[in-house]
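Participant: Read off the chains here:
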Amino acid sequence: MSIFEYNGSALVAMVGKNCFAIASDRRLGVQLQTIATDFQRIFKIHDKLFLGLSGLGSDAQTLHQRLVFRHKLYQLREERDMKPETFASLVSAMLYEKRFGPYFVQPVIAGLGEDDKPFICTMDSIGAKELAKDFVVAGTASESLYGACESMFKPDMDHEELFETISQALVSSIDRDCLSGWGGHVYIVTPTEVTERILKGRMD
Amino acid sequence: MSRRYDSRTTIFSPEGRLYQVEYAMEAIGNAGSAIGILSKDGVVLVGEKKVTSKLLQTSTSTEKMYKIDDHVACAVAGIMSDANILINTARVQAQRYTFSYQEPMPVEQLVQSLCDTKQGYTQFGGLRPFGVSFLFAGWDKNYGFQLYMSDPSGNYGGWKAAAVGANNQAAQSMLKQDYKDDISREEAVQLALKVLSKTMDSTSLTSEKLELAEIFLSSSGKVKYQVCTPEDLSKMLVKYGVTQPPAEA
Chain A
1 MSIFEYNGSA LVAMVGKNCF AIASDRRLGV QLQTIATDFQ RIFKIHDKLF
51 LGLSGLGSDA QTLHQRLVFR HKLYQLREER DMKPETFASL VSAMLYEKRF
101 GPYFVQPVIA GLGEDDKPFI CTMDSIGAKE LAKDFVVAGT ASESLYGACE
151 SMFKPDMDHE ELFETISQAL VSSIDRDCLS GWGGHVYIVT PTEVTERILK
201 GRMD
Chain R
1 MSRRYDSRTT IFSPEGRLYQ VEYAMEAIGN AGSAIGILSK DGVVLVGEKK
51 VTSKLLQTST STEKMYKIDD HVACAVAGIM SDANILINTA RVQAQRYTFS
101 YQEPMPVEQL VQSLCDTKQG YTQFGGLRPF GVSFLFAGWD KNYGFQLYMS
151 DPSGNYGGWK AAAVGANNQA AQSMLKQDYK DDISREEAVQ LALKVLSKTM
201 DSTSLTSEKL ELAEIFLSSS GKVKYQVCTP EDLSKMLVKY GVTQPPAEA
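One line per chain: the protein sequences are A and R, in this order.
Residue numbers for the first sequence follow UniProt numbering, beginning at 1 and rising by one.
Residue numbers for the second sequence follow UniProt numbering, beginning at 1 and rising by one.
No wet-lab data here; the hints were simulated from the structure.
The structure presented is a predicted model; accordingly, all values stated were derived computationally and were not measured.
Treat the hints with caution; some may be incorrect.
Said to hold, decoys possible - Straight-line Cα separation of at most 20 Å, PhoX-like style, residue types lysine-lysine; simulated pairs: (1) R/K160 <-> R/K180; (2) A/K83 <-> A/K133; (3) A/K72 <-> R/K224; (4) R/K209 <-> R/K50; (5) A/K44 <-> R/K222; (6) A/K72 <-> R/K222; (7) A/K154 <-> A/K117; (8) A/K72 <-> R/K67; (9) A/K129 <-> A/K117.
The task is simple: from the sequences and hints, build the whole structure.
Facilitator: This is the structure:
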């Protein structure tokens with residue numbers, strides 16, 4: 001079994017009209033044994049920037065802690081929040097620093113940039129950025145997620161329709177993956193508010 | 001006679017003094033003053049701005065107050081460029097602690113860590129000490145609200161009210177007279193502004209010459225560091241009788 005499949009994960013982010021959504025599953029497993037059903041994979045960096053980390057749980061937590069370190073110092077020195085594009089470059093640089101002993105994670109970054117324009121991107125474990133205009137996926141359920149998102153996605157959805165779409169895509173893909181599951185965690189972010197919802201799916 | 005012992009920072013004089021450290025404190029005595037007051041529901045920091053020219057590009061940055069972490073801030077007196085280095089060091093130290101222990105760094109530990117850095121420059125390396133004194137204000141879950149004063153020698157102490165910079169002796173004695181143990185944050189602001197106005201050299205006090213910052217717990221229980229806006233500061237100065245209200249046209 002690959003190290004990326006050790007803990008199991010599913011992550012997806014989608015762009016809507018002046019908003020974005022980022023969602024993950026909640027299972028933490030050790031190969032086939034389920035250890036936790038409330039594992040946090042999506043982290044808030046600031047009100048308009050979220051980071052999802054799929055892959056090895058330990059590396060996800062450590063990388064998140066390092067990024068909080070860097071972002072806090074950036075906020076204190078620049079006296080403002082980091083733009084999502086800048087943050088993505090930071091994550092990419094940090095991952096490439098460990099090119100020959102990498103973090104076994106696949107990040108998904110979603111945020112509202114200049115003029116609240118939605119920004120999403122993903123990268124591989126050594127920092128190769130992939131910017132997308134519609135959706136990005138990561139984790140053990142990524143193949144199912146690609147299929148689900150491709151068929152369900154429409155551009156310029158408002159935040160309610162976006163929530164429905166991302167939730168359906170996530171739940172149906174998780175159900176086809178034995179390593180992800182136990183519900184979902186969905187964040188819908190608009191320029192004015194952040195809504196966090198827990199999804200109840202097949203609890204297996 | 002003391003001239004012989006002040007060229008090297010890391011040597012004692014025959015009388016057991018470190019002249020470079022004392023000269024650093026002289027430098028601070030000429031800089032803009034800062035006052036800190038601990039109250040039961042917060043800590044108040046007030047600073048006197050020395051650089052006031054119409055040509056100065058005012059941005060949101062402050063001249064005397066700096067945030068070190070979400071729960072700690074400091075007021076500075078002395079050489080600003082030295083202060084910038086130390087503030088950056090303090091910020092990195094606070095983040096390194098949070099990274100290792102996943103919780104905010106206790107205020108006294110942060111002050112001690114920074115003072116250890118300052119002390120290094122008085123004992124080895126041959127570099128001069130930093131010409132800055134700090135007033136640290138913060139909150140942690142062990143000891144609640146705290147105020148610390150540190151100087152170029154690396155000494156620090158916890159205080160209920162303290163003053164650094166120009167006329168700090170006068171300010172300190174005024175604070176000693178008027179400070180009460182159960183002072184509220186609003187009364188602390190009033191006391192700080194009154195003491196500062198009496199010890200400042202300038203004849204008229206306006207919000208352009210001052211900076212005011214407070215550390216307190218917000219209604220949700222989180223620590224907040226807030227710098228007062230110039231408009232609110234002007235209103236407060238008039239309210240506490242420190243400045244005359246603007247003349248009616």
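Participant: So, against the hints stated earlier in the document, which numbers end up violated here?
Facilitator: none
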